[in-house]
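Chemist: Listed below, chain by chain, are the residues.
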Amino acid sequence: MSDVTNLGVAALRDGIRLGEFSAREVADAFIVKVSQAKQLNAFIVETPDHAIAAAREADSARASGEKLKPLAGVPIGMKDLFCTKGVQTTAASHMLEGFKPTYESTVSQKLWDAGAGMLGKLNLDQFAMGSSNETSYFGNVISPWRRKDGGNEALAPGGSSGGSSAAISARLVPAATGTDTGGSIRQPAAFTGISGIKPTYGRCSRWGVVAFASSLDQAGSMARDVRDCAIMLEAMSGFDAKDATSLNLDVPRWEENLSGDLRGKKIGIPKEYRVDGMPSEIEALWQQGIDWLKDAGAEIVEVSLPHTKYALPAYYIIAPAEASSNLARYDGVRFGNRELPAGAGLQDMYAATRAAGFGPEVQRRILIGTYVLSAGFYDAYYTQAQKVRTLIARDFERAWLQCDLLLTPTAPSAAFALGEKSADPLAMYLNDVFTVPSSLAGIPAMSVPGGLDAGGLPLGLQIIGKPLDEQGVLNASLAIEERAGFTARPDQWW
Amino acid sequence: MSVDTATVKKVAGLARIAITDADAERLAPELNNILGWIEQLGEVDTSSVEPMTAVIPNKLRLRDDVVTEPDQRDAVLANAPVAEHGFFAVPKVIE
Numbered sequence: 000m001s002d003v004t005n006l007g008v009a010a011l012r013d014g015i016r017l018g019e020f021s022a023r024e025v026a027d028a029f030i031v032k033v034s035q036a037k038q039l040n041a042f043i044v045e046t047p048d049h050a051i052a053a054a055r056e057a058d059s060a061r062a063s064g065e066k067l068k069p070l071a072g073v074p075i076g077m078k079d080l081f082c083t084k085g086v087q088t089t090a091a092s093h094m095l096e097g098f099k100p101t102y103e104s105t106v107s108q109k110l111w112d113a114g115a116g117m118l119g120k121l122n123l124d125q126f127a128m129g130s131s132n133e134t135s136y137f138g139n140v141i142s143p144w145r146r147k148d149g150g151n152e153a154l155a156p157g158g159s160s161g162g163s164s165a166a167i168s169a170r171l172v173p174a175a176t177g178t179d180t181g182g183s184i185r186q187p188a189a190f191t192g193i194s195g196i197k198p199t200y201g202r203c204s205r206w207g208v209v210a211f212a213s214s215l216d217q218a219g220s221m222a223r224d225v226r227d228c229a230i231m232l233e234a235m236s237g238f239d240a241k242d243a244t245s246l247n248l249d250v251p252r253w254e255e256n257l258s259g260d261l262r263g264k265k266i267g268i269p270k271e272y273r274v275d276g277m278p279s280e281i282e283a284l285w286q287q288g289i290d291w292l293k294d295a296g297a298e299i300v301e302v303s304l305p306h307t308k309y310a311l312p313a314y315y316i317i318a319p320a321e322a323s324s325n326l327a328r329y330d331g332v333r334f335g336n337r338e339l340p341a342g343a344g345l346q347d348m349y350a351a352t353r354a355a356g357f358g359p360e361v362q363r364r365i366l367i368g369t370y371v372l373s374a375g376f377y378d379a380y381y382t383q384a385q386k387v388r389t390l391i392a393r394d395f396e397r398a399w400l401q402c403d404l405l406l407t408p409t410a411p412s413a414a415f416a417l418g419e420k421s422a423d424p425l426a427m428y429l430n431d432v433f434t435v436p437s438s439l440a441g442i443p444a445m446s447v448p449g450g451l452d453a454g455g456l457p458l459g460l461q462i463i464g465k466p467l468d469e470q471g472v473l474n475a476s477l478a479i480e481e482r483a484g485f486t487a488r489p490d491q492w493w
Numbered sequence: 000m001s002v003d004t005a006t007v008k009k010v011a012g013l014a015r016i017a018i019t020d021a022d023a024e025r026l027a028p029e030l031n032n033i034l035g036w037i038e039q040l041g042e043v044d045t046s047s048v049e050p051m052t053a054v055i056p057n058k059l060r061l062r063d064d065v066v067t068e069p070d071q072r073d074a075v076l077a078n079a080p081v082a083e084h085g086f087f088a089v090p091k092v093i094e
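Top to bottom, those sequences are chains A and B. Using numbering that gives the first Met the number 0, read the first sequence as starting at 0 and increasing by one per residue. Using numbering that gives the first Met the number 0, read the second sequence as starting at 0 and increasing by one per residue.
If you're looking for bench data, these hints aren't it; they were derived computationally from the structure. It is possible that some hints are incorrect.
[Stated by the list, open to error] Pairs of lysine to aspartate or glutamate, EDC-like flavour, derived with a Cα cap of 16 Å: (1) K91(B) <-> E301(A); (2) K91(B) <-> E338(A); (3) K308(A) <-> E42(B); (4) K265(A) <-> E360(A); (5) K91(B) <-> D73(B); (6) K270(A) <-> D294(A); (7) K241(A) <-> E42(B); (8) K84(A) <-> D3(B); (9) K308(A) <-> E29(B); (10) K308(A) <-> E68(B); (11) K264(A) <-> D224(A); (12) K420(A) <-> D347(A); (13) K420(A) <-> E29(B); (14) K241(A) <-> E29(B); (15) K264(A) <-> D242(A); (16) K308(A) <-> E254(A); (17) K84(A) <-> E65(A).
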């Protein structure tokens with residue numbers, strides 16, 4: 000038997016259904032891969048028993064002739080931001096170290112209900128705050144990719160879903176969950192040469208997902224190709240009465256309706272995304288993407304999103320403001336760690352607990368959020384940012400009068416080295432320049448690999464769609480995937 | 000607009016995060032840098048714009064006022080750093 004860890008979600012699902020291999024063989028093969036990849040630090044907790052239990056169930060269902068569930072026997076990785084019953088859930092923080100939820104997040108429950116198994120909990124930026132995976136309490140995730148310049152500098156796998164992107168591109172898991180607040184699925188997907196989709200806000204329940212910025216957070220899927228992302232997203236999506244912002248809509252059959260034929264579609268190229276100092280390789284890739292979409296039958300139109308340059312500053316007010324509110328719950332009383340200095344009262348306990356439990360980036364964002372929400376500044380910062388957000392959403396609505404989808408680069412560069420930007424928070428924030436506007440507008444967006452830069456590192460293209468048009472986003476992404484022929488993968492050095 | 004160390008300490012107090020004088024010294028220029036950058040939002044004319052309240056139009060649902068998951072005390076307390084007699088326990092608040 001060839002190595003099943005080279006197969007993606009669809010191939011594993013179909014192979015198990017046809018009896019080409021057993022679910023147990025699949026689970027065992029991935030469990031070995033995970034156990035051999037400690038150097039990547041992609042997992043915080045490994046859960047081989049969970050994957051094996053799901054595999055046993057799939058194999059016995061097949062043996063008894065039952066209809067197999069949509070993801071029967073497919074083992075996946077779970078970003079450690081999703082609460083998993085009885086399995087440590089930390090959001091990569093010291094604050095939640097040892098926290099074992101007594102409940103299951105809706106998204107993870109849906110995946111288990113679909114027959115998937117869990118290989119482990121994946122590392123991330125602490126409380127999902129970061130673009131490089133350097134803020135995890137459990138150490139940096141190392142990208143499996145290395146520059147082809149003879150150096151072996153450790154590279155960032157992107158953030159915050161960097162454990163997910165590293166694990167998929169290193170073939171440790173066929174697919175994983177991610178969450179995206181300002182680009183945390185798409186930017187790591189671009190950095191590691193995989194695909195990832197953030198659906199419309201409200202498609203996936205946020206119940207049981209450790210909250211960062213509630214009006215932005217949205218779960219999505221990450222995998223090696225567009226089809227696998229569609230399969231995963233179908234299993235994860237759907238109405239949930241427990242989340243007040245969950246959309247009460249049926250989940251479309253995204254996989255069944257996949258088509259790379261874009262005849263009759265208009266693709267907009269937003270001129271404001273041509274930022275100063277953008278590397279020529281990114282420009283060239285973007286042009287290549289335009290040519291591919293034309294080849295798929297689409298018509299290309301130039302559009303304008305005039306408030307693009309204000310998206311990042313608005314995001315870095317809104318996200319920290321919501322974070323400062325959401326993270327107020329971590330005070331050493333109900334869960335997580337508690338610091339109680341000798342003779343301390345309640346207030347001292349709160350302050351000491353939060354000083355010890357949150358890393359520097361989380362503290363920085365809580366402080367910014369507290370500042371912009373404080374008396375005297377609320378209107379100048381927060382209300383103004385929410386008004387600018389309205390203008391950004393309106394820019395997109397106007398663009399949809401001219402086109403069906405947008406094509407942009409995913410990130411302004413290929414993966415950078417760990418440590419390269421960590422001393423300058425602002426430089427790090429600028430990494431999200433292309434992903435943040437669609438997050439603020441709550442619309443679906445996907446990154447697919449487009450090619451390699453001169454250093455041999457992956458570059459991603461982003462497709463942005465109208466609200467609820469995940470199908471359009473997946474289809475245009477598929478058209479790029481079919482033409483890009485991206486087969487590069489990192490050499491195994493770990 | 001410039002954030003000094005006294006402001007950083009005040010904000011940290013509001014955020015319930017204990018910080019040292021050295022932390023405040025380090026954070027003041029960092030926060031100044033970030034806040035200076037986000038101040039460019041002031042350039043945007045928003046006089047005729049409503050602040051966004053929801054990204055996707057979605058009516059607030061109300062559910063029936065009934066208990067759905069009774070008797071979860073042990074589950075609720077399971078991760079408490081300190082729990083006593085069926086309650087979360089905290090340091091003495093009143094002498």
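Chemist: None of the hints should be skipped; say for each whether it holds.
Modeler: Against the structure, the hints come out as follows:
no., hint, result
1, K91(B) <-> E301(A), "violated, 65 Å"
2, K91(B) <-> E338(A), "holds, 15 Å"
3, K308(A) <-> E42(B), "holds, 11 Å"
4, K265(A) <-> E360(A), "violated, 41 Å"
5, K91(B) <-> D73(B), "violated, 23 Å"
6, K270(A) <-> D294(A), "violated, 21 Å"
7, K241(A) <-> E42(B), "violated, 40 Å"
8, K84(A) <-> D3(B), "violated, 44 Å"
9, K308(A) <-> E29(B), "violated, 21 Å"
10, K308(A) <-> E68(B), "violated, 47 Å"
11, K264(A) <-> D224(A), "violated, 22 Å"
12, K420(A) <-> D347(A), "violated, 34 Å"
13, K420(A) <-> E29(B), "holds, 14 Å"
14, K241(A) <-> E29(B), "violated, 39 Å"
15, K264(A) <-> D242(A), "violated, 34 Å"
16, K308(A) <-> E254(A), "violated, 35 Å"
17, K84(A) <-> E65(A), "violated, 27 Å"
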